[in-house]
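Visitor: Which chain is which? The protein sequence lines are A and B, in order. The numbering used here puts the first sequence at residues 1 to 240. The numbering used here puts the second sequence at residues 1 to 240.
Calculated from the structure, these hints are not laboratory results. Note that beta-carbon positions come from the ideal geometry of N, C-alpha and C, so glycine has one too. Watch out, some of these pointers could steer you wrong.
Within a straight-line C-alpha distance of at most 30 Å, the following computed DSSO-like cross-link-like pairs (lysine-lysine) qualify [as the list claims (entries may be wrong)]:
1. K114(A) x K173(B)
2. K114(B) x K173(A)
3. K173(A) x K173(B)
4. K75(A) x K75(B)
DEER-style ranges, computed between Cβ atoms [claimed, not checked]:
5. R160(A) x D141(B): 38 to 46 Å
6. V139(B) x G211(A): 34 to 42 Å
7. D156(B) x D156(A): 23 to 31 Å
8. E36(A) x D15(B): 42 to 50 Å
9. G211(A) x F5(B): 24 to 32 Å
10. R69(A) x V124(B): 41 to 49 Å
11. A39(B) x N164(A): 18 to 26 Å
12. K147(B) x V124(A): 43 to 51 Å
13. D174(A) x G211(B): 52 to 60 Å
There are 2 protein chains.
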Amino acid sequence: MSKHFEEELQDLHSDLLKMDAFAEEAIARSVEALREQDARLAQAVIEHDARIDALELVLDERCLDLIARHQPMAKDLRFIATAMRLNSELERIADLAVDIAQRVLELSGSPLLKPLVDIPKLAVLAQTMVKTSIDSFIVKDSELAKKVILMDSEADRLKRLIQNELIQEYIVKDGSVAPRAVPLLLVARHLERICDHATNIAEDVIYLVKGEVVKHHPERISDVKTYADQPSAVNPPEYA
Amino acid sequence: MSKHFEEELQDLHSDLLKMDAFAEEAIARSVEALREQDARLAQAVIEHDARIDALELVLDERCLDLIARHQPMAKDLRFIATAMRLNSELERIADLAVDIAQRVLELSGSPLLKPLVDIPKLAVLAQTMVKTSIDSFIVKDSELAKKVILMDSEADRLKRLIQNELIQEYIVKDGSVAPRAVPLLLVARHLERICDHATNIAEDVIYLVKGEVVKHHPERISDVKTYADQPSAVNPPEYA
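All chains, full assembly: derive it from the sequences and hints.
Guide: Right, here's the structure in full:
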């Protein structure tokens with residue numbers, strides 16, 4: 001492997017961490033904007049997304065160029081393929097932060113429906129999952145990545161809890177609160193999807209470390225019981 | 001260019017069309033399941049998704065392998081890069097069809113809140129946009145791709161219309177309908193996101209044909225007036 005190629009891989013690694021810093025910052029700020037009902041901060045998150053989109057494109061092109069110029073061996077090719085997937089996942093995470101920021105704008109001008117309890121919990125979980133998934137990439141630790149995958153069922157549980165509470169305890173009792181409740185319900189969905197993307201990153205890290213495709217095949221993490229009820233991934237039936 | 005490489009590009013093209021057929025079928029069936037309130041069909045859409053996920057992975061790996069083995073020149077590299085992006089967009093479109101199918105399952109057992117009028121319109125638009133975006137790829141027609149991009153504002157309009165009607169005309173007046181209204185509201189969002197992915201595909205096709213990155217830079221389609229109000233993409237400000 002030429003020195004030059006090694007340096008380019010290092011640069012790729014660094015830029016991916018920059019992409020991660022942008023994505024984590026976008027989540028943190030969109031959640032802060034929600035908590036503080038700060039429309040200006042929400043607007044800043046939305047505007048900053050163009051920079052994240054631009055970085056995604058640059059990284060994507062660079063990965064393909066790297067492969068074309070250096071014909072990397074299997075191990076390096078796998079690293080670059082993983083970098084491309086992480087890049088895409090981080091851009092989608094940042095997009096979901098933008099979605100949250102848009103809900104903040106929709107909510108601005110009217111008082112919060114209720115003190116936020118479970119949404120901040122889900123937000124902290126989402127931030128932890130993204131950070132841990134990227135940490136597992138940095139240190140190439142598949143056990144750490146598995147921990148992220150295990151957290152995902154808690155994210156699902158919290159999202160359902162928030163959704164059920166908003167519908168059953170608020171909207172059903174007084175429909176007029178819907179314009180203030182629906183955006184909160186959507187925020188819970190956006191956060192839960194951020195957790196899904198962190199899970200995808202963790203699966204990609206396991207693939208990178210173990211050379212085993214976990215993505216779309218969660219049943220392969222045999223010690224993860226929460227996935228046992230997904231037989232469809234093993235033997236997908238045809239349409240009847 | 002070796003004969004072998006040309007054949008491999010042809011195979012890639014064919015498999016991408018298979019991926020498209022799967023995605024379009026998933027949309028059509030999820031929408032049919034909603035219209036007919038057919039939980040079994042919705043379940044079939046969810047189960048079939050594992051096959052689409054598997055095909056996405058196969059195609060993704062094959063593209064990288066193709067680049068690594070053949071060091072394609074700029075034009076072919078760009079084609080393969082576009083194939084990778086389309087592959088990812090189609091997988092996400094199929095995921096959104098799964099989301100719609102899940103809403104159908106949530107709605108099953110209770111009568112539809114109202115006769116569906118605008119949701120079927122949005123569904124037809126989504127299907128048209130996906131089909132047209134892939135057609136523009138097949139015939140490498142950037143003008144056709146631009147038409148897809150122009151349709152996206154109608155998708156946004158329909159989504160807002162559906163959402164406002166469900167909230168203002170139904171939920172606000174009688175909160176107890178929320179469990180039947182919220183899934184419909186989410187279906188509108190899922191459909192609108194399918195339109196967003198079709199728009200991404202169209203942008204990628206323009207990039208492929210013209211060598212110009214439109215993705216994340218819609219203002220570059222100078223004749224598309226509906227995007228004129230997005231100055232943020234031109235000059236993203238820093239966070240304050």
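Visitor: Now tell me if each hint is right for this structure.
Guide: Against the structure, the hints:
no.: 1; hint: K114(A) x K173(B); in the structure: holds, 21 Å
no.: 2; hint: K114(B) x K173(A); in the structure: holds, 21 Å
no.: 3; hint: K173(A) x K173(B); in the structure: holds, 11 Å
no.: 4; hint: K75(A) x K75(B); in the structure: holds, 26 Å
no.: 5; hint: R160(A) x D141(B): 38 to 46 Å; in the structure: holds, 45 Å
no.: 6; hint: V139(B) x G211(A): 34 to 42 Å; in the structure: holds, 39 Å
no.: 7; hint: D156(B) x D156(A): 23 to 31 Å; in the structure: holds, 29 Å
no.: 8; hint: E36(A) x D15(B): 42 to 50 Å; in the structure: holds, 49 Å
no.: 9; hint: G211(A) x F5(B): 24 to 32 Å; in the structure: holds, 26 Å
no.: 10; hint: R69(A) x V124(B): 41 to 49 Å; in the structure: holds, 45 Å
no.: 11; hint: A39(B) x N164(A): 18 to 26 Å; in the structure: holds, 21 Å
no.: 12; hint: K147(B) x V124(A): 43 to 51 Å; in the structure: holds, 44 Å
no.: 13; hint: D174(A) x G211(B): 52 to 60 Å; in the structure: holds, 56 Å
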